[in-house]
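Residue numbers (our numbering), protein chains in the order written: chain B, 1 to 441; chain Z, 1 to 441.
If you're looking for bench data, these hints aren't it; they were derived computationally from the structure. It is possible that some hints are incorrect.
It does not matter which identical chain is used: a pair holds within one copy or between any two.
Pairs of lysine-lysine residues, derived as BS3-like cross-links and limited to a Cα-Cα distance of at most 27 Å, are as follows [to be verified]:
id: 1; residue 1: Lys59; residue 2: Lys196
id: 2; residue 1: Lys215; residue 2: Lys59
id: 3; residue 1: Lys382; residue 2: Lys110
id: 4; residue 1: Lys215; residue 2: Lys382
id: 5; residue 1: Lys382; residue 2: Lys272
id: 6; residue 1: Lys98; residue 2: Lys193
id: 7; residue 1: Lys98; residue 2: Lys110
id: 8; residue 1: Lys59; residue 2: Lys3
id: 9; residue 1: Lys196; residue 2: Lys410
id: 10; residue 1: Lys385; residue 2: Lys98
id: 11; residue 1: Lys3; residue 2: Lys196
Quantities reported herein were computed from a predicted structural model and do not represent experimental measurements.
There are 2 protein chains.
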Amino acid sequence: MSKPTPLSGFPEWLPRQRMVEQRVLDRLRHTFELYGFAPIETRAVEPLDQLLRKGETDKEIYLLRRLQAEADEPDSNLGLHFDLTVPFARYVLENAGKLVFPFRRYQIQKVWRGERPQEGRFREFYQADIDIVNRDELPFHYDVEIALVIADALSGLPIPPIRIHVSNRKIAEGFYRGLGLTDVTTVLRIVDKTDKIGPARVQEQLVEFAGATEKQADLCLELAQISGEDFADRVLALGVRHELLDEGLQELTQVVEATAAHAPGLLIADLKIARGLDYYTGTVYETTLLGHEQLGSICSGGRYENLASTESERYPGVGISVGVSRLLARLFNQGLIDASRQVPTCVLVALPSEEVRRECDRIAAVLRRRGIPTEVSPTAAKYGKQIRYADRRGIPFVLFPGEADEHEIKDIRSGAQTPIDINTWEPSEEDRFPRIVTSQG
Amino acid sequence: MSKPTPLSGFPEWLPRQRMVEQRVLDRLRHTFELYGFAPIETRAVEPLDQLLRKGETDKEIYLLRRLQAEADEPDSNLGLHFDLTVPFARYVLENAGKLVFPFRRYQIQKVWRGERPQEGRFREFYQADIDIVNRDELPFHYDVEIALVIADALSGLPIPPIRIHVSNRKIAEGFYRGLGLTDVTTVLRIVDKTDKIGPARVQEQLVEFAGATEKQADLCLELAQISGEDFADRVLALGVRHELLDEGLQELTQVVEATAAHAPGLLIADLKIARGLDYYTGTVYETTLLGHEQLGSICSGGRYENLASTESERYPGVGISVGVSRLLARLFNQGLIDASRQVPTCVLVALPSEEVRRECDRIAAVLRRRGIPTEVSPTAAKYGKQIRYADRRGIPFVLFPGEADEHEIKDIRSGAQTPIDINTWEPSEEDRFPRIVTSQG
Numbered sequence: 001m002s003k004p005t006p007l008s009g010f011p012e013w014l015p016r017q018r019m020v021e022q023r024v025l026d027r028l029r030h031t032f033e034l035y036g037f038a039p040i041e042t043r044a045v046e047p048l049d050q051l052l053r054k055g056e057t058d059k060e061i062y063l064l065r066r067l068q069a070e071a072d073e074p075d076s077n078l079g080l081h082f083d084l085t086v087p088f089a090r091y092v093l094e095n096a097g098k099l100v101f102p103f104r105r106y107q108i109q110k111v112w113r114g115e116r117p118q119e120g121r122f123r124e125f126y127q128a129d130i131d132i133v134n135r136d137e138l139p140f141h142y143d144v145e146i147a148l149v150i151a152d153a154l155s156g157l158p159i160p161p162i163r164i165h166v167s168n169r170k171i172a173e174g175f176y177r178g179l180g181l182t183d184v185t186t187v188l189r190i191v192d193k194t195d196k197i198g199p200a201r202v203q204e205q206l207v208e209f210a211g212a213t214e215k216q217a218d219l220c221l222e223l224a225q226i227s228g229e230d231f232a233d234r235v236l237a238l239g240v241r242h243e244l245l246d247e248g249l250q251e252l253t254q255v256v257e258a259t260a261a262h263a264p265g266l267l268i269a270d271l272k273i274a275r276g277l278d279y280y281t282g283t284v285y286e287t288t289l290l291g292h293e294q295l296g297s298i299c300s301g302g303r304y305e306n307l308a309s310t311e312s313e314r315y316p317g318v319g320i321s322v323g324v325s326r327l328l329a330r331l332f333n334q335g336l337i338d339a340s341r342q343v344p345t346c347v348l349v350a351l352p353s354e355e356v357r358r359e360c361d362r363i364a365a366v367l368r369r370r371g372i373p374t375e376v377s378p379t380a381a382k383y384g385k386q387i388r389y390a391d392r393r394g395i396p397f398v399l400f401p402g403e404a405d406e407h408e409i410k411d412i413r414s415g416a417q418t419p420i421d422i423n424t425w426e427p428s429e430e431d432r433f434p435r436i437v438t439s440q441g
Numbered sequence: 001m002s003k004p005t006p007l008s009g010f011p012e013w014l015p016r017q018r019m020v021e022q023r024v025l026d027r028l029r030h031t032f033e034l035y036g037f038a039p040i041e042t043r044a045v046e047p048l049d050q051l052l053r054k055g056e057t058d059k060e061i062y063l064l065r066r067l068q069a070e071a072d073e074p075d076s077n078l079g080l081h082f083d084l085t086v087p088f089a090r091y092v093l094e095n096a097g098k099l100v101f102p103f104r105r106y107q108i109q110k111v112w113r114g115e116r117p118q119e120g121r122f123r124e125f126y127q128a129d130i131d132i133v134n135r136d137e138l139p140f141h142y143d144v145e146i147a148l149v150i151a152d153a154l155s156g157l158p159i160p161p162i163r164i165h166v167s168n169r170k171i172a173e174g175f176y177r178g179l180g181l182t183d184v185t186t187v188l189r190i191v192d193k194t195d196k197i198g199p200a201r202v203q204e205q206l207v208e209f210a211g212a213t214e215k216q217a218d219l220c221l222e223l224a225q226i227s228g229e230d231f232a233d234r235v236l237a238l239g240v241r242h243e244l245l246d247e248g249l250q251e252l253t254q255v256v257e258a259t260a261a262h263a264p265g266l267l268i269a270d271l272k273i274a275r276g277l278d279y280y281t282g283t284v285y286e287t288t289l290l291g292h293e294q295l296g297s298i299c300s301g302g303r304y305e306n307l308a309s310t311e312s313e314r315y316p317g318v319g320i321s322v323g324v325s326r327l328l329a330r331l332f333n334q335g336l337i338d339a340s341r342q343v344p345t346c347v348l349v350a351l352p353s354e355e356v357r358r359e360c361d362r363i364a365a366v367l368r369r370r371g372i373p374t375e376v377s378p379t380a381a382k383y384g385k386q387i388r389y390a391d392r393r394g395i396p397f398v399l400f401p402g403e404a405d406e407h408e409i410k411d412i413r414s415g416a417q418t419p420i421d422i423n424t425w426e427p428s429e430e431d432r433f434p435r436i437v438t439s440q441g
């Protein structure tokens with residue numbers, strides 16, 4: 001065969017990058033578990049009607065077909081999931097009798113989007129999600145908790161500083177209704193395009209398609225520009241009143257105040273956050289990486305009242321999703337994050353001759369039993385060549401076996417070589433496993 | 001929507017089972033890293049010609065098609081990978097310039113098989129693979145090392161005892177050639193059916209399709225029945241001689257002797273192991289779970305000389321793959337393995353009233369910063385009800401907040417309640433995180 005080439009949209013990392021990715025996923029998992037979130041994984045596929053049931057026809061879906069399908073076999077009607085929220089809602093309904101509610105889960109898996117090949121967007125990527133759902137009603141304090149968890153999870157990562165932007169769908173909806181605009185969905189959809197088409201065209205479209213006067217359109221635009229600590233006063237200063245607006249302002253205030261106490265400066269109210277036309281009904285979260293704002297939101301979510309429901313049951317929820325692959329691709333491409341070496345190995349046992357390989361294996365086994373990642377040299381080449389083997393991989397130590405357990409170890413960075421007892425020698429905690437190194441220090 | 005139902009062949013676990021699966025995968029990963037294997041993940045999809053290039057037309061493959069494909073858009077020609085070895089070979093060729101050889105990697109991912117829906121077989125499952133490849137030639141000592149690694153990896157798992165069965169393709173091939181049978185592939189294929197169709201029919205087919213005499217067919221069957229320590233003597237006693245046979249016997253002896261020294265009783269020579277008609281060319285491994293032999297091999301692999309090659313480059317390799325989902329499904333179904341609780345939470349902070357939720361969040365934050373998984377109660381219900389919340393999930397401790405940091409903690413299993421300082425209190429290591437519990441004790 002000829003040399004294969006990468007597939008656009010399906011990123012693959014080198015081992016040292018995969019080590020970074022693993023540590024980032026481990027860190028997220030650890031934080032989620034500290035908050036009591038239990039893990040699940042869902043299958044990669046869902047029936048197509050599940051994937052399409054929220055009318056999200058803009059989701060690009062990959063359908064599956066068996067290569068060896070028989071002529072009369074019906075279509076599998078299965079598609080790869082495009083997010084983890086829709087499969088989670090299905091899982092909750094399917095397993096409701098076996099779960100305990102409120103149910104807190106995290107889920108870290110790849111998702112797929114059947115994007116047009118030429119667009120150069122990711123077609124396979126990792127998401128790390130947390131959600132809390134309950135039967136019938138979910139108390140509002142969970143909207144606050146999700147913000148606290150994600151603040152801890154992201155600030156524990158070796159990434160540039162972040163800022164969480166929060167709004168509440170009830171604010172916009174209450175405001176539009178208070179203004180007398182009844183086609184809330186259309187208004188939201190148009191206002192959400194402000195960054196793309198600019199305020200002038202948004203104003204025109206609000207007048208043309210949403211039945212707004214110029215004054216009403218102005219106020220809608222002004223609302224979306226409000227952010228920061230005094231957001232509630234500034235909204236009220238626009239002079240619009242509605243019960244739903246009050247509820248939204250009060251909820252958003254709670255999220256902002258609780259997070260300010262827990263992690264000052266990390267989260268701001270920002271009323272332009274709308275999360276498209278998704279299933280969200282209250283709080284909505286987006287997150288920017290400071291200095292990388294053009295990357296868009298690296299972590300988004302919100303409250304959904306109706307995603308997981310049957311005719312007889314209802315499981316409202318709130319959750320958030322970290323776009324791990326997109327975040328890491330950016331940091332890798334800009335050289336901002338790396339692993340301290342390219343293999344897990346901490347010690348290379350040098351091989352004096354092929355005849356003593358079993359003896360060297362036993363030395364390695366002693367170190368491994370003590371939790372020190374160890375390899376034996378691939379060949380009994382000259383020691384200089386064996387040291388180069390370690391050096392090319394970033395392995396910090398080479399052990400030279402001696403007679404009667406009198407071994408020596410060389411730190412190949414400093415060149416220092418000392419006798420050791422393999423039953424007690426320890427590398428520094430810095431050297432034992434590969435570490436993440438960032439260009440921020 | 002109506003209540004969803006499971007999809008046959010796509011297993012999903014409850015949270016407590018997923019915790020067990022995570023710990024099993026963590027344990028495998030840790031062992032692989034102790035041996036210096038570096039992690040990679042490959043994309044879920046490969047071009048169809050890659051998936052089919054070893055002529056393995058019996059592999060059941062899922063093809064992808066974009067739901068929103070345009071009429072004139074060519075087929076994606078992408079399929080989901082059915083194992084991790086074929087994608088790994090492709091990854092090595094694609095990234096050869098950026099990797100260091102010999103290249104040792106592990107890879108833990110789901111794979112998919114487009115099996116007929118009615119067969120009830122897994123269509124999505126986890127595999128955990130290790131492989132070592134080198135440019136041009138790979139020394140034989142790696143065939144020994146793979147056996148040592150997998151012996152450590154599997155014996156470190158909370159599963160019933162295992163036995164690794166090893167053979168070497170060169171033995172059968174050399175033996176058949178020494179006998180004068182030249183259509184080695186046909187002989188192998190027929191002998192490999194012994195368990196299915198019985199020795200009498202194998203004998204008939206060897207005579208009919210492989211041009212064997214009855215005597216030759218008898219000897220082929222006798223060879224496949226040899227296993228255990230004195231295998232080499234018993235093979236030679238059959239009176240057949242061939243250079244390739246000698247090489248195979250000598251290689252197999254090395255694997256058996258080295259593993260016997262490292263982990264006595266774990267590995268046996270077993271000449272009936274053939275690994276179907278796969279890409280293996282030398283050592284082949286299979287693994288049975290003692291007491292669950294009818295489950296088949298839970299961990300298989302071998303040496304392959306020609307899987308990763310282009311016109312100008314060749315990367316021989318040796319590796320092995322653990323069938324994690326199949327193994328766990330068995331243990332779950334038989335009630336042999338479980339988690340000690342169904343959530344990560346170790347401490348539930350009871351909530352005296354909704355007004356003091358922020359204060360209870362702060363108590364929880366102190367415990368979490370000290371690495372203790374902690375939740376705050378969902379409601380300020382009566383304490384009896386809050387204790388039941390913990391009990392239903394297996395959360396061992398409930399903390400009752402007091403005035404001026406005078407808190408008490410109750411072990412709800414013993415009922416013992418004591419005052420604690422949240423800055424110093426520690427649960428036992430047994431209680432801090434959920435553990436795996438096995439019915440073997």
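Taking the hints in turn, this is what the structure says about them:
1. Taking CA atoms no more than 27 Å apart as the test, Lys59 paired with Lys196 passes inside one copy only; the shortest distance there is 20 Å, against 47 Å between copies.
2. For a Cα distance limit of 27 Å, the shortest separation of Lys215 from Lys59 qualifies neither inside one copy, at 35 Å, nor across copies, at 65 Å.
3. For a Cα distance limit of 27 Å, the shortest separation of Lys382 from Lys110 qualifies neither inside one copy, at 45 Å, nor across copies, at 42 Å.
4. Within a single copy, Lys215 and Lys382 get their C-alpha atoms no closer than 83 Å, and across copies no closer than 52 Å, so neither meets the 27 Å cut-off.
5. In this assembly of identical chains, Lys382 and Lys272 lie within 27 Å of each other by CA distance neither inside one copy nor across copies; the values are 65 Å within and 41 Å between.
6. Neither within a single protomer nor between protomers do Lys98 and Lys193 lie at most 27 Å apart by alpha-carbon distance, with minima of 43 Å and 43 Å respectively.
7. Proximity of Lys98 to Lys110 under the C-alpha cut-off of 27 Å is found in both arrangements, the shortest distances being 25 Å within a copy and 25 Å between copies.
8. In this assembly of identical chains, the alpha carbons of Lys59 and Lys3 lie at most 27 Å apart only when taken from different copies (23 Å versus 33 Å within one copy).
9. For the identical chains of this complex, Lys196 and Lys410 are neighbours neither inside a copy (59 Å) nor across copies (56 Å), given an alpha-carbon limit of 27 Å.
10. For a Cα distance limit of 27 Å, the shortest separation of Lys385 from Lys98 across copies, 20 Å, qualifies, whereas the shortest one inside one copy, 59 Å, does not.
11. When the C-alpha separation of Lys3 and Lys196 is checked against a cutoff of 27 Å, the pair qualifies neither within a copy, at 41 Å, nor between copies, at 40 Å.
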